[in-house]
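Q: Sequence:
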Amino acid sequence: MSMKTVLMIPPQFLPVPAVRGGAVEQLCTRLIEGNERAPRFDIEVLSCRDERLDDSSYSHTRITQVSPGLADRVCSRIHNKITYVTGRRRYLTPSDLWIMRKVLFGHYDVLLVENDMLICDRIARIRKRARLVYHMHNGYDGSSKTPELVRRIMPHVDSFVVISDYLKRIVMEAAASDKMRVLPNAIDIARFRSEGDRTEERARLGIAADDVVFVYSGRITREKGVRELIAAYVDFADATSRQTKLLIVGKSWFGNTSDADPYVDTLKTMCEGRDDIIFTGFVQPADMPKVLSAADVAVIPSRWEEPFGLVVLEAMAANLLIIATRSGAIPEIVSDESALLVDNDDETIVAGLREAMRRSLDSDVRQSKTDAARRTLDESPDYDVSNYFNNFCKEAFG
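For reference, each letter of the sequence shown is one residue, going 1 to 398 in full-length UniProt numbering.
Derived from the structure by calculation, the hints contain no laboratory data. Among these hints, one or two may not hold up.
Stated by the list, open to error - With a straight-line cut-off of 27 Å between C-alpha atoms, the simulated DSS-like cross-links for lysine-lysine are:
| id | residue 1 | residue 2 |
| --- | --- | --- |
| 1 | 290 | 268 |
| 2 | 4 | 179 |
| 3 | 168 | 179 |
| 4 | 128 | 179 |
| 5 | 290 | 4 |
| 6 | 4 | 268 |
| 7 | 168 | 145 |
| 8 | 4 | 102 |
| 9 | 145 | 179 |
| 10 | 81 | 4 |
| 11 | 168 | 102 |
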């Protein structure tokens, strides 16, 4: 008996598999890997082009790199000019047209759209009998994800999967539906608990054995609160007698090879003359357990409403004390018992982060919080990637 066919349509920003990082892309990769271990489907992934994908090989997944041609570019340009003149402003990219043609002329049992609400809206009206599943990873952004788009696509999808109760709440406010499913993100907990030689990694990074190390990992952008973190750390470090370091792990966009970024340049200016703040640049996801092994405290200073926050799970698994803002879904994962939570407002966030750093120097505080976080992971099997594929199949495919 042949297996059902799934067409996975991830966002066309970073490649899948996640050879250049990206939270959504990593979770797409987890689904592919889960299906490889326990095959249920023949999957085709429509990924943006990347030379690193040429080495990707799976038994039950075919990676198709989206390749718009001249006709797609011409049609896109004509369509966009017409919509501009008519005031509809519903633009199509050449990649959109290429994907729509793939859906229209392909034969699939399931269409799985990962996070791209615009393309879900477009293919909903041209699909044939395939089951349509939309998997939402981020909140509204004012253009490509809006309450209006939720209302447009909800009648056409068979399952609408979100990654947190926070996202479920804001979606239900726009279009209440029994199609809603919540499936939290997941990580390889064992890998973060077992990998990484702390002494070796600290030596590589130039960190002394007795330094207290704070780490931020993720995109270096305004909504992630990195400027506020550095401001708080500088005040804190200058006022304490303890030897401390701050690791800034990441770039403005995952896997970006360019160092030209005005926001990052501003942050580096704030750090001039300091040898206790280390910018590592982009780190491949496979190397994150090693980097985290060098740290004592993870700081997640998000200014936006975090839709979930994989880095929270990674820090918990690495046995790090967590300092985080009360943003979006973060309080669903950690509480005041298992983390040092800080209010997320302009007037108090820097002072709150600074005070949390001061409290984190207390070994008893670190021990009690990390013990509670470990219990949370032990009691939450949905956070472990070994269960992610089966859970997703149950929630998304019925």
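Q: Identify every previously stated hint that the structure contradicts and give their numbers, smallest first.
A: 5, 6, 10, 11
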